[in-house]
Amino acid sequence: MSKESQPESVLLCPLGTAAAPETELLCIFGTGDMGRSLGQRLLQAGYRVVYGSRRPHSCGPLPAGTQVMSHAAAAKLATLVFLCVHRKKYDFLETLAPQLNGKVLVDVSNNLKEDVYPESNAEYLQRLIPGAHVVKAFNTISAWALQNGPSDANRQVLVCGNCAEAKQTVVAVATKLGFAVLDNGSLSAARELEEFPLRLFPEWRLPLRLAVGLTATFFFYLVIRDVVYSYVEDGKDISFRIMVSLANKVCPIVAIIMLALCYLPGVVAAILQLYRGTKYKRFPDWLDRWMLCRKQLGLLSLGFAFLHVLYTLIIPFRHYVRYRIAASTILKMRENTTAVLDTTLAWRTDSFYSMGILGFGVYILLGITSLPSVSNALSWREFSFVQSKLGYLTLFLCTFHTYLYGWNKFLSPSNYRWYTPPGYMLSLVLPSIVLVLKLLLLVPCVDRSLTRIRQGWERTDPEDASKQALLM
Amino acid sequence: MSKESQPESVLLCPLGTAAAPETELLCIFGTGDMGRSLGQRLLQAGYRVVYGSRRPHSCGPLPAGTQVMSHAAAAKLATLVFLCVHRKKYDFLETLAPQLNGKVLVDVSNNLKEDVYPESNAEYLQRLIPGAHVVKAFNTISAWALQNGPSDANRQVLVCGNCAEAKQTVVAVATKLGFAVLDNGSLSAARELEEFPLRLFPEWRLPLRLAVGLTATFFFYLVIRDVVYSYVEDGKDISFRIMVSLANKVCPIVAIIMLALCYLPGVVAAILQLYRGTKYKRFPDWLDRWMLCRKQLGLLSLGFAFLHVLYTLIIPFRHYVRYRIAASTILKMRENTTAVLDTTLAWRTDSFYSMGILGFGVYILLGITSLPSVSNALSWREFSFVQSKLGYLTLFLCTFHTYLYGWNKFLSPSNYRWYTPPGYMLSLVLPSIVLVLKLLLLVPCVDRSLTRIRQGWERTDPEDASKQALLM
Amino acid sequence: MSKESQPESVLLCPLGTAAAPETELLCIFGTGDMGRSLGQRLLQAGYRVVYGSRRPHSCGPLPAGTQVMSHAAAAKLATLVFLCVHRKKYDFLETLAPQLNGKVLVDVSNNLKEDVYPESNAEYLQRLIPGAHVVKAFNTISAWALQNGPSDANRQVLVCGNCAEAKQTVVAVATKLGFAVLDNGSLSAARELEEFPLRLFPEWRLPLRLAVGLTATFFFYLVIRDVVYSYVEDGKDISFRIMVSLANKVCPIVAIIMLALCYLPGVVAAILQLYRGTKYKRFPDWLDRWMLCRKQLGLLSLGFAFLHVLYTLIIPFRHYVRYRIAASTILKMRENTTAVLDTTLAWRTDSFYSMGILGFGVYILLGITSLPSVSNALSWREFSFVQSKLGYLTLFLCTFHTYLYGWNKFLSPSNYRWYTPPGYMLSLVLPSIVLVLKLLLLVPCVDRSLTRIRQGWERTDPEDASKQALLM
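Protein chains in written order, with UniProt numbering: chain A, 1 to 472; chain B, 1 to 472; chain C, 1 to 472.
Read the hints as simulated data drawn from the structure, not as lab findings. Do not take every clue at face value.
Identical chains blur together in the list; that is why a pair holds if it fits in one copy or across any two.
Claimed, not checked - Straight-line alpha carbon distances no greater than 25 Å define the calculated BS3-like cross-link-like pairs of lysine-lysine that follow: (1) K389 with K295; (2) K295 with K281; (3) K389 with K113; (4) K113 with K88; (5) K438 with K295; (6) K89 with K113; (7) K389 with K438.
Excised from the complex, chain A in its bound form:
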């Protein structure tokens, strides 16, 4: 700050405000839940609060220390007006246009459903009172949080508006109430802000449905192949295996399939770009949607992998397992065979476990780097390195892990009960495809041209150029 700009700064902060900034008066329209909570909090933060109400004398209990008066009177007093009223009641505001002219008007409203109105509440409000500086804020904060202070999901106040000055005023109030403010730009972002409190994991829906679908399918498939089969063929009831053995078959299957599904779209996109020779043509919608939920696919898959690990680790103290082991020991005893260690088997099972452990380890790493605070701290070169390089490593390790599990069972016909392949074989199809395709894309010549395309190079394309010509 240079010396000459100093006097101005003095001018901007008259000692009056510096000495007693607490005494600022704010106005709230609406005495509903939101209005009350907001008023309460403003009082605690040291503001004076006046309510504007249609029926000033019969609007129910309000925070002690506040005043209630007609909208017009209240609006006159304050330079900042919070609007805690349902959108459908906005029309009464038009009559207040003169009083609200040049004032900061904070739209706190939310709708009960998405897309009920053509334009956002805030923009509608701005249209009603063009003279006011409408700012959208606090609508992402729950009334509960306003009463009890910021916490967890109620720490950030999202703000948007066209007038920087007005926004600054609201930011000051919000920070004073203890919230962290995130500026979302101009009023055109209002719709987004109004949809925020209504959303319930939209980006997770598709992946979740997929996960549920896969789980159900494979569960029934395996129930039939294992439980029903052995009941029909051998008349044995092994239904008790559903709780753990089957669960521990379904989890890894779903996990690896979803992991593959998380890397497949990337490969498809690359092939598409190679085929089209440009990156500037939009992808088909299904591919776009697919690519946007890769993260969720990956995290869900990690969840299933986690369950798989737990289900595996409890194996040794299952009653059934202990029974089997004791039985086999006794059998060995009886047969009086001097057992020898099958080192090949030892090698195979041990590497099978090792691959699983390493795969899971890298997978956990992927999960950690996709935490918002971690990924924000990474440069995108670092992030893409982790997510693609380590991601494919995970996929490879897990696939290898599954192949080692299958080992030579692939050949023995006894595994194809009722002519159906075992679950893990089905689960191997997708991952294998993805890995093979990825390998093809890594062939130097292919890789080179793909890189060039990704850097913006395009195969010359006459009718495209002509299109461009028309535009000018």
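Go by the hints and put chains B and C onto chain A.
This is chains B and C only, laid out in the frame that chain A set:
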């Protein structure tokens, strides 16, 4: 930015500053540790630094390249003065009022204990020199961080002050030193900022005490019931079981009790609101305090659950367990009984494990969503969905898990050694109560009226209205 | 906001801008990948975009709805110009100085390698056109993110520049595009911003190399001691143990050594400060570098500890282990010995497991608190409490865990095959040293003087004072 505002912007940034902004001069009062570290860092960031000292010629070594002079002289030179002096020495500043008039005065001071003074240091300072623009900043940053640059807990500089301009100046300096700035509003937040560096997990104390208490209680209870009992009654020394077996009994017990304690206050609050017919009466303090530490209760409980999982998973390779298994196998052998698999037992134990695994899985999910960066990214609808819906699911799964563990033992008197119930039975009391109460609250009619109350509706309450009347 | 400042705010937001802020025109120099992606996104956000190009009529396909014209013409139209051109082409801008005078010039450029130029691109640009307000921004965002909107590592736009006004304009655009902006101060930070996208975990390199080195060393050491040894001496092939048994020996060894290495520098620094009697002398470079990668050392060590846990937990269902157990059971059977439980062994092994579990538990806690979002929420008192107190607790528990593992093996010569000590003994050296040194530093008198030094006190040092004298 519209064209017409352009000239002004040019005016605001004279090319001088644009060309050489490095050469700005800042003043530091106080040559102690904080003063030195701050000066050093400012120099590195390209500022010129001048120190104000009472004894300019005998104030020990200062960063090379800085000057030392009398307070008055130093204050005259700079428009921004850092105050790195203990509060009790502030009085000398009054004499400097004229030189500090209109200057930005950054109060960096911290106290050694909380609540020693009636008002915060910064507000006291503002009172001493009403002409200066006092800004509280950098007090939450350690001297070490100032010497070595921002890291982990020393990245955010909290700032508060009454003059926006002055704050902006300080923000500029802080960002230039590489810190991220968080504006905490007006000077009235100064006390909070000054207490920040002193606090040591205040919100964790109560839950931690509780956890320690519960652990100790149940530990001794179980030592008596198991070790002492079998020593007295059967003369067997099974003290070796303390390290794992007992630990693995205490952990889950404490975990599930604390989980229940984390959801109990919510239920109590709901009942209270139903009974009062309003949400605008304050809860009793104990309930408020309880509700504010729910998160900590939950996380501690998760910690115990985590230990429980680890303790369980190492069971199979405990020396004692292997010994027992071998013994039982040999016994079977000797008796020459052809053992048959008890499928009911298999069913029960397997579902017991399954419930535990699923419960733990959902629990981990809860833990992840309570990470600051994750919860900040969620809308409060999403957050409350996860924390309440999934939270109760966790509680249910874990309770069910414990019931399956008990199974039919509840009836056999042999379990009530010395007429005391086993630990897991005691641990089941609270969770069961919470779940039952929650179920009652979910009964449609109850749920409906509760929702209405939570939306701000109130059972008409005459004397409350009259109170209101008195207020106006 | 006080009433009197209100009119001004009205003045600053003419209704024109409030009504239609969308129609703002922005200019982009350069029609490459970055330029196109940026233009596309700006269009979507409701800006009008005009491109400046050397060959306006042959610059390939551009986003529909944009115009292309000569640099001069384009510059005239807009008050904000994005510069998406390689640094080496900057010279053509000098001719445009008059048109760019007083305009906001956003430098988006990145270099392909670090430190190729003496000064940062942005500073070079400012030198070329002193009349423009150069702002460095968007260079940390990938073109892909510009096309598809902010995500993970592409959410934060880092901005720096000398003119606050100009910066504010860019911030407004960035927030409108949906990015979160982080102000990095003056243009002198430009180099840092330009190096950001190029970096690939620089702070992790050293620790990673160390980890790889240690792993390799101990792996070969153990292969020779176990596999090769038993092959040469007993002619037995136990190579199958490499996959799990050896891995599970290497992991914990590397983990505990790196944990010790993470706390060693702190101890060394303390001793150095005690010896020098001051904290104001710089540490030798190697120590500085070491201290700065402590966090990474700790996290890598945690990774190895995690693998160790997994490798341990799968032990019971390894083929080899089951074989051994069965064999031993059968042996017992044959010998017809009535085995008795060795309670000492039970005590020892159980406490061995317990220590491991508790150590791992606290370790996980350390890992969680080092997540950016968590550590930012902590005061540095809290952070240092966790990292140092709990850190040493972890080190102690893990070391104790290892000693319990060794137990009496230290003495029996049979463990020193080929006169080499087993791996875990080697791994115990460093941790033991660190713990002992730390204990010495905790001796009251030592601790007291260290604290005084850390608070800035210095042992009087004549020639230092004289140095100081010269400075003034």
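Structure-based check of all given hints:
For a Cα distance limit of 25 Å, the shortest separation of K389 from K295 qualifies both inside one copy, at 15 Å, and across copies, at 23 Å. In this assembly of identical chains, K295 and K281 lie within 25 Å of each other by CA distance solely inside one copy; the values are 23 Å within and 44 Å between copies. In this homomeric assembly, K389 and K113 come within 25 Å of each other (Cα to Cα) only across copies, at 21 Å, whereas the closest approach inside a single copy is 42 Å. Taking CA atoms no more than 25 Å apart as the test, K113 paired with K88 passes inside one copy only; the shortest distance there is 13 Å, against 53 Å between copies.
In the homo-oligomer, the alpha carbons of K438 and K295 lie at most 25 Å apart inside one protomer (19 Å), although the nearest pairing across protomers, at 35 Å, exceeds that limit. When the C-alpha separation of K89 and K113 is checked against a cutoff of 25 Å, the pair qualifies only within one copy, where the shortest distance is 17 Å, while the shortest distance between copies is 52 Å. Taking identical chains as interchangeable, the C-alpha atoms of K389 and K438 lie at most 25 Å apart only when both belong to the same chain, with a minimum of 11 Å there against 41 Å between chains.
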